[in-house]
Amino acid sequence: MIEIDRITKVYNGVTAVDAVTMTAESGTITVIVGTSGSGKTTLLRMINRLEEPTSGEVRINGESTLATKPHLLRRRIGYAIQGHGLFPHHSVARNIGAVPRLLNWPKEKISARVDELLTLFSMEPDQFRDRFPAELSGGQQQRVGVARALASRPDVLLMDEPFGALDPIIRARAQDDLRRIQRALGSTIVLVTHDMEEAIRLGDMVAVMDGGQLVQHAPPAEIVTKPATGFVADMVGDMERPLRLLSLVPLSEVMEDGDAPGEALPADSSLRDALSACLWTGRTAVPVERDGLPAGRVTLDAIRARAELGA
Amino acid sequence: MKAGAILRPAVILLLLALVLKPEWFVPLFAPLAPEGAPVIYARSSLLSLSLSHLGLVAAATAAATLVSVTLAILVTRDAGAAFRPLSRTITNMGQTFPPVAVLALAVPALGFGAGPTLVALFLYGLLPIFENSITGLSTLPPATMEAARGLGLNRWQRLIQVELPLALPVILTGIRLSFVISLGTATIGSTVAARTLGEVIIAGLLTSNTAYVLQGGLIVGLFAVVVYDALILLEARIARRSGMADPR
Chain A
1 MIEIDRITKV YNGVTAVDAV TMTAESGTIT VIVGTSGSGK TTLLRMINRL
51 EEPTSGEVRI NGESTLATKP HLLRRRIGYA IQGHGLFPHH SVARNIGAVP
101 RLLNWPKEKI SARVDELLTL FSMEPDQFRD RFPAELSGGQ QQRVGVARAL
151 ASRPDVLLMD EPFGALDPII RARAQDDLRR IQRALGSTIV LVTHDMEEAI
201 RLGDMVAVMD GGQLVQHAPP AEIVTKPATG FVADMVGDME RPLRLLSLVP
251 LSEVMEDGDA PGEALPADSS LRDALSACLW TGRTAVPVER DGLPAGRVTL
301 DAIRARAELG A
Chain B
1 MKAGAILRPA VILLLLALVL KPEWFVPLFA PLAPEGAPVI YARSSLLSLS
51 LSHLGLVAAA TAAATLVSVT LAILVTRDAG AAFRPLSRTI TNMGQTFPPV
101 AVLALAVPAL GFGAGPTLVA LFLYGLLPIF ENSITGLSTL PPATMEAARG
151 LGLNRWQRLI QVELPLALPV ILTGIRLSFV ISLGTATIGS TVAARTLGEV
201 IIAGLLTSNT AYVLQGGLIV GLFAVVVYDA LILLEARIAR RSGMADPR
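Line by line, the protein sequences give chains A and B. Using the UniProt record's numbering, the first residue of the first sequence is number 1, and each one after it goes up by one. Using the UniProt record's numbering, the first residue of the second sequence is number 1, and each one after it goes up by one.
Keep in mind that the hints were calculated from the coordinates and are not lab data. Note that CB positions come from ideal geometry on N, CA and C, so glycine has one too. Any given hint might turn out to be false.
[What the hints assert, rightly or not] From the structure, some residues in chain A lie toward chain B, with a derived Cβ separation under 10 Å: (1) Y11; (2) L73; (3) A80; (4) L86; (5) H89; (6) A184; (7) L185; (8) S270.
[Claimed, not checked] If you anchor each label on the Cβ, the simulated ranges turn out as follows: (9) A/A67 x B/A79: 24 to 34 Å; (10) A/L66 x B/R155: 15 to 25 Å; (11) A/S26 x B/T139: 40 to 50 Å; (12) A/G138 x B/T139: 21 to 31 Å; (13) B/M93 x A/I169: 33 to 43 Å; (14) A/D176 x B/R240: 33 to 43 Å; (15) B/A230 x A/T119: 40 to 50 Å; (16) B/A79 x A/G62: 32 to 42 Å; (17) B/A79 x A/G138: 54 to 64 Å.
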């Protein structure tokens with residue numbers, strides 16, 4: 001659990017972060033979203049003391065971050081950034097093993113951990129271990145960057161626009177990977193982005209920053225349906241609101257018994273996908289399958305009813 | 001590459017022949033020597049002059065590297081940034097002050113021999129290494145530096161494991177320039193009795209023996225070409241191994 005307690009950062013008389021108080025529960029993803037200059041990155045960087053707060057305190061699992069030397073604190077906190085920041089002169093294995101090496105893990109344990117992480121990120125260890133970052137694609141470099149952040153099994157993972165440099169298709173895949181891996185490992189993640197879509201898609205909780213202040217801290221559905229200020233509403237986008245809301249609801253929630261023509265969708269895809277499928281193929285209902293077996297259907301009427309519920 | 005594969009061994013063989021078997025070149029140099037004068041310099045062995053010449057240059061470049069790189073590391077830290085203009089001025093002066101003048105000034109203090117030459121070459125060699133080290137250490141990829149800090153490397157670990165290895169190819173370029181400049185400049189050391197290949201050239205000038213001048217000049221020039229080429233190969237190799245040059 002990360003408790004941020006009235007933390008403030010002032011640069012040359014300008015308040016970048018203004019008395020923000022916020023708690024990120026263990027095993028959840030908190031996404032901090034805001035425009036550039038909103039103080040979101042400064043807030044994140046104060047958690048691992050890459051920036052020293054002017055006042056206030058951060059506690060991780062009850063212990064103040066001020067109690068540990070900054071570089072020792074950072075070895076316990078995973079950190080992944082935009083443009084990955086891999087060491088270009090080190091192999092993939094050495095990059096991923098960077099923090100375990102700092103923590104003096106035995107060699108065999110490090111190489112076993114490297115292989116485990118490469119496998120987790122769907123990269124064949126034999127094929128990738130000895131490559132250099134310049135020999136990887138953008139998506140692969142980004143995955144190695146996240147693997148490096150996870151290497152020492154940190155309780156807490158901080159990510160600063162980790163997917164910012166990726167093209168949309170690879171970004172969606174990277175987000176899905178992150179969700180899957182976070183669920184599997186139960187890590188606590190704080191992620192910074194300027195993209196509300198990404199925040200809603202990834203966050204268990206979304207924190208919206210504006211002008212150094214935390215203007216709303218709520219689950220994504222609440223951010224979409226009850227934006228606290230005009231700024232939050234602008235970030236969500238009025239026209240997009242119904243679609244954003246639908247993207248949060250899995251098919252299993254409004255599924256009914258029965259059958260429908262055409263190709264089936266998996267039960268954990270969103271109503272937004274179902275709506276899209278209906279509109280594109282001219283159907284009024286789509287079949288739903290679970291583990292490859294037919295499970296029921298979702299009708300256009302049910303989707304509409306659900307969207308109106310949020311308004 | 002193809003031209004290099006033929007030219008490189010040819011140049012090295014020519015250089016070895018000139019140093020080890022100068023008598024082979026008598027027919028070539030004879031027309032340039034005055035009537036009745038010796039064609040090939042024989043007062044001391046060309047091999048020992050070459051080794052002493054190279055040793056002098058290597059020692060001066062090593063000292064200049066040590067001082068320049070240390071200075072560059074200090075002034076690229078936050079705490080040392082204020083000293084950057086001052087250290088620039090000092091290394092620039094080392095380059096501006098003509099080596100001949102340094103020799104003249106150093107002789108009264110250090111006496112005749114290798115000492116004044118070492119001082120002159122050292123001062124002259126500082127600037128390229130210092131400037132390249134500063135460039136190398138201050139143009140590191142920002143995301144990599146941010147990640148190094150964020151992962152928990154301390155200052156010393158960042159310097160040794162990340163900054164110096166990444167700046168190394170640029171620093172090596174500075175060392176190469178300095179070494180090659182010193183190789184030529186060292187010849188004037190023989191005016192104050194340092195044992196360098198300059199001895200051959202000066203002997204030629206004093207006796208109007210163009211054969212000597214050409215012989216000394218040719219050997220120094222070929223050494224510069226060979227060393228320059230070897231250091232370029234070394235730089236490319238290090239850059240490739242450190243994964244910074246695109247291998248494709």
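Right, here's what the structure says about each hint:
1. Y11: 16 Å, violated
2. L73: 7 Å, holds
3. A80: It holds, given that the least Cβ distance between A/A80 and chain B is near 8 Å, below 10 Å.
4. L86: A/L86 check passes; min Cβ-Cβ to chain B is 7 Å, inside 10 Å.
5. H89: This hint holds: A/H89 lies near chain B, its Cβ roughly 4 Å from the closest one there, short of 10 Å.
6. A184: 22 Å, violated
7. L185: 18 Å, violated
8. S270: Since chain B brings no Cβ nearer than about 33 Å to A/S270, farther than 10 Å, the hint is violated.
9. A/A67 x B/A79: 24 to 34 Å: The hinted range 24 to 34 Å holds for A/A67 and B/A79, with Cβ atoms some 26 Å apart.
10. A/L66 x B/R155: 15 to 25 Å: At 20 Å between Cβs, range holds.
11. A/S26 x B/T139: 40 to 50 Å: 41 Å, holds
12. A/G138 x B/T139: 21 to 31 Å: 22 Å, holds
13. B/M93 x A/I169: 33 to 43 Å: Violated - the Cβ-Cβ distance for B/M93 and A/I169, about 58 Å, lies outside 33 to 43 Å.
14. A/D176 x B/R240: 33 to 43 Å: For A/D176 and B/R240 the Cβ distance comes to about 36 Å; the hint holds.
15. B/A230 x A/T119: 40 to 50 Å: Distance hint for B/A230, A/T119 holds at roughly 44 Å.
16. B/A79 x A/G62: 32 to 42 Å: The hinted range 32 to 42 Å holds for B/A79 and A/G62, with Cβ atoms some 35 Å apart.
17. B/A79 x A/G138: 54 to 64 Å: 37 Å, violated
The earlier numbered hints that this structure contradicts are 1, 6, 7, 8, 13 and 17.
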